[in-house]
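One line per chain: the protein sequences are A, B, C and D, in this order.
Counting with the numbering used here, you get residues 1202 to 1555 for the letters of the first sequence.
Counting with the numbering used here, you get residues 1202 to 1555 for the letters of the second sequence.
Counting with the numbering used here, you get residues 1202 to 1555 for the letters of the third sequence.
Counting with the numbering used here, you get residues 1202 to 1555 for the letters of the fourth sequence.
Calculated directly from the structure, the hints in this document are not laboratory data.
A quick note: this is a predicted structure, and the numbers were derived from the prediction, not measured.
Just to be clear, a hint being listed does not mean it is correct.
A pair counts as met if it fits within one copy or between any two copies, since identical chains are not told apart.
Said to hold, decoys possible - For lysine-lysine, the following DSSO-like pairs were computed, each having C-alpha atoms within a straight-line distance of at most 27 Å:
1. Lys1244 to Lys1412
2. Lys1510 to Lys1276
3. Lys1412 to Lys1510
4. Lys1513 to Lys1240
5. Lys1391 to Lys1250
6. Lys1392 to Lys1240
7. Lys1412 to Lys1344
8. Lys1412 to Lys1398
9. Lys1513 to Lys1344
10. Lys1398 to Lys1344
11. Lys1276 to Lys1392
12. Lys1276 to Lys1375
13. Lys1391 to Lys1375
14. Lys1375 to Lys1244
15. Lys1250 to Lys1510
16. Lys1384 to Lys1412
Here are the chains, one letter per residue:
4 protein chains.
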Amino acid sequence: MAGNTMGTLFRVTTWGESHGPAIGAVVDGCPPGIDLEEKDIQKELERRKPGKASSASPRKEADRVELLSGTFEGKTTGTPISLIIRNVDAESASYDDLRDVFRPGHGDFTYQMKYGIRDHRGGGRASGRETAARVAAGAIAKKVIAREGITVTAFTLELGGITARTTSLDNIRKNSLCCPDPKAAARMEKKLEESRKKGDTLGGIVEIRVKGCPPGLGEPVFEKMDADLARALMGIGTVKGVEIGAGFSSARMTGSECNDPLTTLGFATNNAGGILAGITTGGEIVIRAACKPIPSIGKPQETTDILGKPVKLSIRGRHDVSVIPRILPVCEAMVSIVLADHLLRQRAITPAKG
Amino acid sequence: MAGNTMGTLFRVTTWGESHGPAIGAVVDGCPPGIDLEEKDIQKELERRKPGKASSASPRKEADRVELLSGTFEGKTTGTPISLIIRNVDAESASYDDLRDVFRPGHGDFTYQMKYGIRDHRGGGRASGRETAARVAAGAIAKKVIAREGITVTAFTLELGGITARTTSLDNIRKNSLCCPDPKAAARMEKKLEESRKKGDTLGGIVEIRVKGCPPGLGEPVFEKMDADLARALMGIGTVKGVEIGAGFSSARMTGSECNDPLTTLGFATNNAGGILAGITTGGEIVIRAACKPIPSIGKPQETTDILGKPVKLSIRGRHDVSVIPRILPVCEAMVSIVLADHLLRQRAITPAKG
Amino acid sequence: MAGNTMGTLFRVTTWGESHGPAIGAVVDGCPPGIDLEEKDIQKELERRKPGKASSASPRKEADRVELLSGTFEGKTTGTPISLIIRNVDAESASYDDLRDVFRPGHGDFTYQMKYGIRDHRGGGRASGRETAARVAAGAIAKKVIAREGITVTAFTLELGGITARTTSLDNIRKNSLCCPDPKAAARMEKKLEESRKKGDTLGGIVEIRVKGCPPGLGEPVFEKMDADLARALMGIGTVKGVEIGAGFSSARMTGSECNDPLTTLGFATNNAGGILAGITTGGEIVIRAACKPIPSIGKPQETTDILGKPVKLSIRGRHDVSVIPRILPVCEAMVSIVLADHLLRQRAITPAKG
Amino acid sequence: MAGNTMGTLFRVTTWGESHGPAIGAVVDGCPPGIDLEEKDIQKELERRKPGKASSASPRKEADRVELLSGTFEGKTTGTPISLIIRNVDAESASYDDLRDVFRPGHGDFTYQMKYGIRDHRGGGRASGRETAARVAAGAIAKKVIAREGITVTAFTLELGGITARTTSLDNIRKNSLCCPDPKAAARMEKKLEESRKKGDTLGGIVEIRVKGCPPGLGEPVFEKMDADLARALMGIGTVKGVEIGAGFSSARMTGSECNDPLTTLGFATNNAGGILAGITTGGEIVIRAACKPIPSIGKPQETTDILGKPVKLSIRGRHDVSVIPRILPVCEAMVSIVLADHLLRQRAITPAKG
């Protein structure tokens, strides 16, 4: 495998460059008989589009998905589902002077080292735009897991150092940052605006909650549910850290504090984050992903070009101030794909009901 | 795949239960012509054995590895390398009264939910003992990457809330906790001793550093180097969080703070942790793994049995107070296996030298 | 994996139904820096198109391929290559009365059994049309192996019981059936014409020759070169038998007849077909694939519908009389993809040249 | 993957060299709750052991299997099952003068070319002995498919040019060659004896029949049931050709002859061999594998050594005259493993029964 496919049974392959003709995904292994239309996918893509939030890029991405295979009369057939999104409004010319320059914090340098050639326009394959294909594929995964009553919700836990004081999901659709704490959201918006003015960017933390997941999903040792979730989230370009349940804070607990007592009503606490020994407990899954600030900044930076010559760089063009909130549906997509895959894998070993 | 294999080209499969006849690993895809003898593997296993540190279990594991295939006259042949470690000194009887009880923080409950059957003795497959097989396989991975000048070193960054104030590798072999800060190490030892007396356990943070890694390793989008490292480390039962480079703290940085300037001498800083867009930069790779406290504690706990009946549980038997420092060679093994795999994968697309 | 992907490092995924909006392929793992343009792929597709041969269907398939990703300024970049071919001239309505009928010899019955739903139009995913996507992907594989001097040539060895008396490749481009024996080709053409008049179809045997393959390609035991070639060819819907070198006739040889003596000039004979113990010898690879007659025949047939009711069926519509010669580029594509994959795999274990 | 693993969900990895300390297999993905003891596996191994048949080698292989993991109190647990068979009675010294010689028809030359190093003793990894590990793993696969009522039976269809005139399975356990035609069996025995006296060997054809297979197993396009079966059988060192149903003879049929009519009682004929479009029909699966004569012959042969110098070679040592009948349980094992894997895969997409 060359890195562009994930999953064992529910398999997602994405393809495409930021400024090529199109991007897309092939979803193989989707069970037959699931209702699926373009609008189901479009709905998720809309959530990833640059919005009205202060963090947003002014680039207009139509992001119209076309469903090319794998369905018949509105239902999946079990054959591969091909999704394509044409690239429009790509101002490739604005990248001309970046052709031989390595933008700090981007994949420019490493792609050049790895392949000896790269499509520099908009970051090519390493662009955040590739995640639109993930969101499209994730929309299908969401339908697969929804049949089993599983829902995945990502929200903004922290942005620019401002932390939500509640993690209740009640209010997350009420502000453009999908932050459960309306007051924190207002402060985050303000901080984003300040940052935009400075030509700088902000990082943050996303929390993802999975409800309705049955116990027993996840495989032993190497393909644990938490291991696969960590890989999926760390596979988003911007993510530099992942934790499950109590996560890094569990390192400061004692065993008697950290262990979740099991009672007749289920687990009394959830430091485990819904996963024990890599397998789901049936409780809520709780994950957090740390997102670094977007590396494309207006402020001048030191770097070099492909010949090693020092260059002073100010990145123009249209960029977000933070990957939050656009990253939220991407996180949901990645988690949903992992869950759909493990759901199918678990079925394979479950004795058929008599 | 059913979760017990990792890697695409350098592939490691582990097998075995804590109290079964043996545990072991099969390493497939190791390049031919590498010097390999049992003592190379034994050396790493010694590092994982319960030691004299205050954190150690009194269980004596002989952990003698036997090399059954894949070498000829002291060199690898390119065929699968089979490693086996017989289980000895396993006091299975001491687990008899745990047969139907779900120990909090362990995989007992989830294995029962997943498979409907489990080997309860010593945690079965979910036991930390399984990691001995990983360490054995990792010893081979270390030889593969050492040929390219790559070294992997794990050390104790934090234990029981006490943090090392330096991360220099100079002193890590000078104390039994492999902590770079001797004063912190002394305080950690003391805290471990206190915890043992209370019948409680401690968590901590491991840091892993990779030196000498060439640029260009890692695959795009889903099999990024950091994604695969995160999965590998989160695949260790005790790990609840993973971060690369600046990790979670990058969420509080601005872009201008977080971006590593590229100079004629290389990257001026290393917030990226040696990985950009999922591909190695050629700089040092820096990873941290958060380890929860060992769930087997002497203190009484609430739980239920397999019929849902409440049980008051005090775990007897021989257990460590912390996974640190025994987890260190396991972390090194996992990271080394990922690196060996990506090293071979990169060769496949690199034009042969003329 | 759900069956629509082949390869470990050079990976091909195809998607699409005969009468859906499009078919296509994603090629992941192609090395960077290879010249690649749409016309390189189009050239191979032209060979698969219904031609002027007597065996041909009158359906006009424009088969214009569009290259959507993975190249930059005419060279591959190492990222996934997405290829799409729009379906045109698909007379779906002519399949309306086949909606609930299982055509003998087709996948109608088994797809219904497997998925409980199927796109009946033109055979859906099981249509021979899917092989156009393989040919497109194979065109890229051909370029990868051509760099190492490897060429793959398929020709018509037998058709309708008429066998070529020579297997010299000199004349195979001189007749529309790509048969090395011009006289046999003329008789084959006549037999095809007779068969068309009867509303019947013919089977045949394709031979594939690989020249310039270096020794050492293929993996031990399960992923032997011959095993992977057999799978690739048997993965073409029409193929019911595969043999390597002396193949089935080796079953009637003695060891002293069958063994190929090794001389200072190489192997004196080639009963092995260029593969020993699953690994290439450096000699010519010789494979034969037996193709059944096309199951879509005009003659009336007995079958049942989805409710099990007997049906008398005469298949109208536009169909070939034989898969030969259109299957030839498909066979070449499948063999080329296998070779490209094993070529990359072998590089991974080959010590870099100093 | 480096070639020593097969299967997606039911995964078998084999390891070991003919004259190393041991050979073995790891079976991962076996469903939990299946009765499994060493004697279940031993029973199959006995069938592969050199017997009293005239074709047999006098090498005594104790072939005692040891079950090291994956079961608890006589039942599988869902965790990896490790099987080991110690090598005994290996007369390595008798191979000393073959150290630098390439035996014709063997993997000696190609392993040397591929790896630059090889264990020459007894053929190392390329030895037929490796198939004992497959038979051991296959015994587990047989138990998995037996639960669904599937049985796999291989028999001798042809040996040394003598063909069985019946394929009824009634008599196959009544002669040591497992030939359904007792008269043919007697002639085969005679021919084997003659061949042994001449220091020569014989090839033959094995037929495998699968009864009780449900419809719907097999995946589209690349992982068709017939494609996977062909790969599995061609992955046996001795096999040079594989055909399904009418196989090569279908190349000489017309469509009206070859199509199997579907009636209210099922398929009226079985030219398809129980597989249509790569998916099982529910009818009997019929496969044939052509086995070349064993390359180790007493007769003098021309070859070269590792330096390219011509060598005259007479192979001493203990060798079979034909792979038949010892290959029969190997064929059954390979087919059973493929079926077990596809059975689990099909479950994953089958809606749970309400």
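Hints, verified against the model:
no. : hint               : verdict
1   : Lys1244 to Lys1412 : within (21 Å within a copy, 45 Å between copies)
2   : Lys1510 to Lys1276 : between (56 Å within a copy, 26 Å between copies)
3   : Lys1412 to Lys1510 : between (52 Å within a copy, 25 Å between copies)
4   : Lys1513 to Lys1240 : neither (45 Å within a copy, 41 Å between copies)
5   : Lys1391 to Lys1250 : within (21 Å within a copy, 54 Å between copies)
6   : Lys1392 to Lys1240 : neither (35 Å within a copy, 52 Å between copies)
7   : Lys1412 to Lys1344 : within (14 Å within a copy, 37 Å between copies)
8   : Lys1412 to Lys1398 : neither (39 Å within a copy, 39 Å between copies)
9   : Lys1513 to Lys1344 : neither (48 Å within a copy, 40 Å between copies)
10  : Lys1398 to Lys1344 : neither (41 Å within a copy, 50 Å between copies)
11  : Lys1276 to Lys1392 : neither (45 Å within a copy, 44 Å between copies)
12  : Lys1276 to Lys1375 : neither (33 Å within a copy, 47 Å between copies)
13  : Lys1391 to Lys1375 : within (17 Å within a copy, 50 Å between copies)
14  : Lys1375 to Lys1244 : within (17 Å within a copy, 55 Å between copies)
15  : Lys1250 to Lys1510 : neither (37 Å within a copy, 51 Å between copies)
16  : Lys1384 to Lys1412 : within (26 Å within a copy, 45 Å between copies)
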